[in-house]
Amino acid sequence: MTTFIVRRVLWMIPSLLVVFTLTFVVVHATPGSPWDESEKPLPEAVKQNLAKQYHLDDPLPKQYADYLINALHGDLGPSYRSVERSVSEIIAATLPVSAQLGLASMLFALLVGIPLGTLAAVKHNSWIDYTASFITVSGLATPPFVRVSLLVVALSLGVAWLPTGGWNGIWDVRSIIPTLAIGLGPAAILARYTRSSLLEVLGQDFIRTARAKGLQEVMIVLRHAMKNALIPVLTVAGVTLSNVITGAFFVERIYGVPGIGRQFVDSVTGRDYPLLLGIVLIFAILISVVNLLTDISYGYADPRIRYR
Amino acid sequence: MPLARRPTGLWRDAWHRLTRNRAAVVSLVFVVLLVIVALFANLVAPYPFERQDLESTDLGPSAGHLFGTDLLGRDELSRMVYGSRISLAVALVDVLIVVLIGVPLGLAAGFFGKWLDTLIMRTVDVLLAFPSLLLVIVVITYLRAVLDQPTGPILSVIGGLDNLTGGLLGVFIALGLVSWLTVARLVRGQVLSLKEKEFVEAARMVGASNLRIMARHLLPNTLAPVIVAATFGIPGAIATEAGLSFLGLGVRPPLPSWGILIAEGVRNMRAFPHELLFPAVILAVTLICFNFLGDGLRDALDPKLKVD
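Here the protein sequences line up with chains A and B, keeping their order. Position one of the first sequence corresponds to residue 1 (the working numbering), numbered consecutively onward. Position one of the second sequence corresponds to residue 1 (the working numbering), numbered consecutively onward.
Note that these hints are calculated values from the structure, not bench results. Heads up, some of the hints might be wrong.
A few chain A residues facing chain B, derived, Cβ under 8 Å [claimed, not checked]: (1) Val9; (2) Met12; (3) Leu140; (4) Val146; (5) Val280; (6) Tyr300.
Cβ pair distances, simulated, as ranges [said to hold, decoys possible]: (7) Arg81(A) / Gly160(B): 24 to 34 Å; (8) Leu164(B) / His55(A): 36 to 46 Å; (9) Ala45(A) / Leu155(B): 52 to 62 Å; (10) Tyr298(A) / Val35(B): 50 to 60 Å; (11) Leu56(A) / Ile154(B): 49 to 59 Å; (12) Arg267(B) / Ser126(A): 37 to 47 Å.
Derived, one-sided and incomplete: chain B residues facing chain A with beta-carbon distance under 8 Å [as the list claims (entries may be wrong)]: (13) Tyr142; (14) Leu223; (15) Leu287.
Quick caveat, the model's predicted, so the values are computed rather than measured. Don't be surprised by glycine CBs; every beta carbon is placed ideally from N, CA and C.
Chain A with its partners taken away, still in its complex shape (with noise of 0.2 Å):
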C-alpha cells in the first residue's frame, strides 16, 4: 500500500506538468494581451515598459522556468487587468468563496443523490423507480446555466422566496440557488451510481442468506448491501469535482457570486492570460489531489483491492 502511494503521488508530478506546460505553451503562443482592445493606441514607450514589468521580453523557457520557480513560492505573478492585485491575491480572495458553495453543493449532492439512488434501488422498476430515473436524467442532462436560468425563473421572480442573486456568506438565503444549481449535477451522478451499484449488490448471495435469516429488509439493505455498495461510488468524486468547478463557471458568474469559477471567465473573455493560467495551475491541483485521494481511500476501504 505504501509503496502504492509514493508511486500514485510520484505519476502526479508528470500529468500535473504535462497539463501544466500545454496550457502554459497555449497561453503564451496566444496574441493579444487587454491593451490592444483600448480603443486609443499605446505609446510605444509604455508599451515596452509593460513588456518589462509583465518579463515578456524574456525567452519562452526563461519565463516558463521562472513562472514555475515562483509558483512553488506561491507567486503567480502580476494579473494583466488588476493593478492593485496579483494573481495570487485573486485567487486568495475568490477561492474561499468557491470552497464554500463547492462544499455546500457537495453536502447536497450526498444527501440528495445517495438516498435517491437507494430509494430508486429498493424499488426497482416501481413508480418511484421510473420517478427517480426522471430526476436523475433531468439532473445529468441539463448544464448548471440551464439549472440556475430556471431556478431563479421559479423560486426568485415567481414565487418570489429567494433573491435574484448575490452572495453573502454561505449562510446567507442568497447561497441557497447556487447550492441547488451546483450540486444537482453530482447528485444526479450520485444517484445514478449508487442505484446501479445496490442493484448488483442486492442479486448477491449473501443478500439471500440475510433474507433467509429473516432479518429485515431495512437492515438488509441499510447494514449488509450499502457497506459494499458505496464502495464504486467513491471513483466518481473525482468526476464530481470536475461537475463542481465547471458549474461554478456559469452559476457563479450568473447569480454574482464573487467566486474563482466568475474570475476565470473574466480571465478568458478579459484577455488576461496570467490569471487565466493561475486558475488553472489551481483547478489542475486541485483535481489530481482529489483523484489521488480517491484512489488511495478506495484501496482502504475494500480490502480485496490488491495494490501492485
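Chain B: place on chain A using the hints.
Just chain B now, kept in the frame of chain A:
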C-alpha cells in the same frame, strides 16, 4: 414440434426492444421533429430570425409571436427554430469526430498495443482527468485570438471559414479535442478482448491482413457500444456549444444559438422572464431526450438482457 420463432437479427431485435421503451420512443419522436424543424427552418419559422421590429419589442407570448419577441423586436420562436440548426450541426460534427477520430484511434490502440497503445491511452487519460470544459475554454481562447488576426495562408483560410460559419468552426475544433476520448477508450477495451477470440485467429489463418481484420471483423463487433456512446455524447456536445455561446466564446451574434438566446434572456430576466424560460426549457428538453434515447439504445443493444 420446434418452437415457432421467427429468425431475428440483432438490429430487428434491438428495434423491437427500443420501441417498447416508452421514454425512448417519445424522445426519438422529439429528436426526429427537431431534425425536421432544423432542416426546414426557413419554412417553419414565421419570421426571418434577424428581422427587427422596434415597434414591438419585449412582447409576451401572443398569437402573432408564440414565444414573444426580444429586446430588438425579433421573433423568439423564429430564432429558436434557426438555433436548432446550430445545435444539430454540433451534434452531427460530434458524431463525425467520434467515428473518424475516436473509433480508429481506439481500434489502433487495442489492436497494435505496445507503444502506440501507451501513447494514445496516456493522452486520453491526461485529457480525461481534467474537466473538458476547462480545456475547451483554454483552446477556444487561443483559437479566437489566432483566427482574429491570422498569420499565414492556412490560418487565414481557417479564420475565414470560422467567420463564415459565425464562430462555429472554433467550437468544432475545440470539440475535436475532447469528444473522442471516451469512445477511443471504449473501443480499445472491446478490441482487447475481441482480438483473442477464435474468429480473429481463423481470419488470420486464411490470410486476412491486419487492416481487413480490423475493418471487417473487429469494427462491426464494436458498433453497438459505439452507437450508444455516440448518442450519450450528443447532449454533452450541444450543451458545450450552448455554454460557450452563452459565455460569448462560441457562435457570434446575430446567429441565434440557444446559448446566446439564454444569455440574452438572463440579461433581461427580471423584466421579461419568458425570454429566458422558452430557450432554457427547449434546450433542457432536447438534452433530456437525447439522454433517454441513449438509455433506450443501451438497453436495446445490450445482448446480455436478451433473456426476457
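>> Tell me the numbers of any earlier hints that the structure contravenes, in ascending order.
In response: Result: hints 1, 2, 6, 9, 10, 11 and 14 break, sorted rising.
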